[in-house]
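Participant: Each chain, letter by letter, is given below.
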Amino acid sequence: DVKVTQSSRYLVKRTGEKVFLECVQDMDHENMFWYRQDPGLGLRLIYFSYDVKMKEKGDIPEGYSVSREKKERFSLILESASTNQTSMYLCATLTAAAYQPQHFGDGTRLSIL
Amino acid sequence: AQRVTQPEKLLSVFKGAPVELKCNYSYSGSPELFWYVQYSRQRLQLLLRHISRESIKGFTADLNKGETSFHLKKPFAQEEDSAMYYCALGTDKLIFGTGTRLQVFP
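Chains as they are written, first to last, in our numbering: chain A, 1 to 113; chain H, 1001 to 1106.
Keep in mind that the hints were calculated from the coordinates and are not lab data.
All values derive from a computational prediction rather than experimental measurement.
Treat the hints loosely; a few may be bogus.
Computed beta-carbon distance windows for the label pairs [said to hold, decoys possible]: (1) A:Y10 x H:Y1039: 25 to 35 Å; (2) A:D38 x H:Q1042: 37 to 47 Å; (3) A:L113 x H:S1052: 13 to 23 Å; (4) A:E56 x H:Q1045: 31 to 41 Å; (5) H:N1064 x A:K13: 43 to 53 Å.
Straight-line alpha carbon distances no greater than 20 Å define the calculated DMTMM-like cross-link-like pairs of lysine to aspartate or glutamate that follow [claimed, not checked]: (6) A:K53 x H:E1020; (7) A:K55 x A:D38; (8) A:K57 x A:D26; (9) H:K1015 x H:E1067; (10) A:K55 x H:E1020; (11) H:K1009 x H:E1020; (12) A:K71 x H:D1092; (13) A:K57 x H:D1092.
Just so you know, even glycine gets a beta-carbon here, dropped at the ideal spot from N, CA and C.
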């Protein structure tokens, strides 16, 4: 069974802080994704990565960056956290094969005060 | 443009009633479509995908290319079906709808 582990379930940070959200997967999947989940807006893609050191912007990349130094780890970085980044953040992985579903982590509920 | 539309934010039914969660998509190619479910305090998980043509937990979804729809149906809702349901379109990434919260009352 695919395991996608997000480092924190809940996180509280202050405005202006640099915030790191970590995601680790154990299935050697090529593709990894970061979403934010907000009521009424569904899941919106922030960034994704096809391979180590590769990254692509999703639909809402502003205010975020990512790092993928190793295949199993995909980090989301909030360079200077703002209150409008308070949200649930979900990491997901996907193998390169067609018609395969994404596998999600438990999510990190981030509150920016 | 690639888009997934779930027109209902909330759907409330009584136990035993039929359920249909609507999903329409916009995509010029051959679509891969999925339904994901998130139960309270649990992670988002795959419910079913159109390529499998399977029934999971009594739910089915048929891809209608003419109407560009992939509605999720269940003939008799159960209380444990209460959850958030997301329809998703697979391209090089997954595009999600805004979700429908299903409430099943006893």
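Participant: Compare the distance between the alpha carbons of A:K55 and H:E1020 with 20 Å, and conclude whether the hinted pair is satisfied.
Facilitator: violated, 37 Å
Participant: A:K57 and A:D26: Cα distance at most 20 Å?
Facilitator: Violated, because 24 Å separates the two Cα atoms, which is more than 20 Å.
Participant: Could you grab the alpha-carbon distance between A:K57 and H:D1092 and see if it respects the 20 Å cut-off?
Facilitator: holds, 13 Å
Participant: Confirm or reject the claim that A:L113 and H:S1052 have a C-beta distance inside 13 to 23 Å.
Facilitator: violated, 44 Å
Participant: Next pair to validate is A:K71 with H:D1092; report whether the Cα-Cα distance is within 20 Å.
Facilitator: holds, 18 Å
Participant: Has the given pair, H:K1015 with H:E1067, been kept, meaning a C-alpha gap of at most 20 Å?
Facilitator: Violated, at about 29 Å.
Participant: Given the hint that A:K55 pairs with A:D38, does the C-alpha gap stay at or below 20 Å?
Facilitator: violated, 23 Å
Participant: For the pair we were handed, H:K1009 and H:E1020, check the Cα-Cα distance against 20 Å.
Facilitator: With Cα atoms ~13 Å apart, H:K1009 and H:E1020 stay inside 20 Å; holds.
Participant: Can you let me know if the beta-carbon spacing of A:E56 and H:Q1045 is within 31 to 41 Å?
Facilitator: violated, 25 Å
Participant: Falls inside 43 to 53 Å, the C-beta gap from H:N1064 to A:K13?
Facilitator: holds, 45 Å
Participant: Taking the Cβ atom of A:Y10 and the Cβ atom of H:Y1039, is their distance within the range 25 to 35 Å?
Facilitator: At 19 Å between Cβs, range violated.
Participant: Quick check: does the Cβ-Cβ distance between A:D38 and H:Q1042 fall within 37 to 47 Å?
Facilitator: violated, 18 Å
The structure does not agree with the numbered hints 1, 2, 3, 4, 6, 7, 8, 9, 10 stated previously, though it agrees with the rest.
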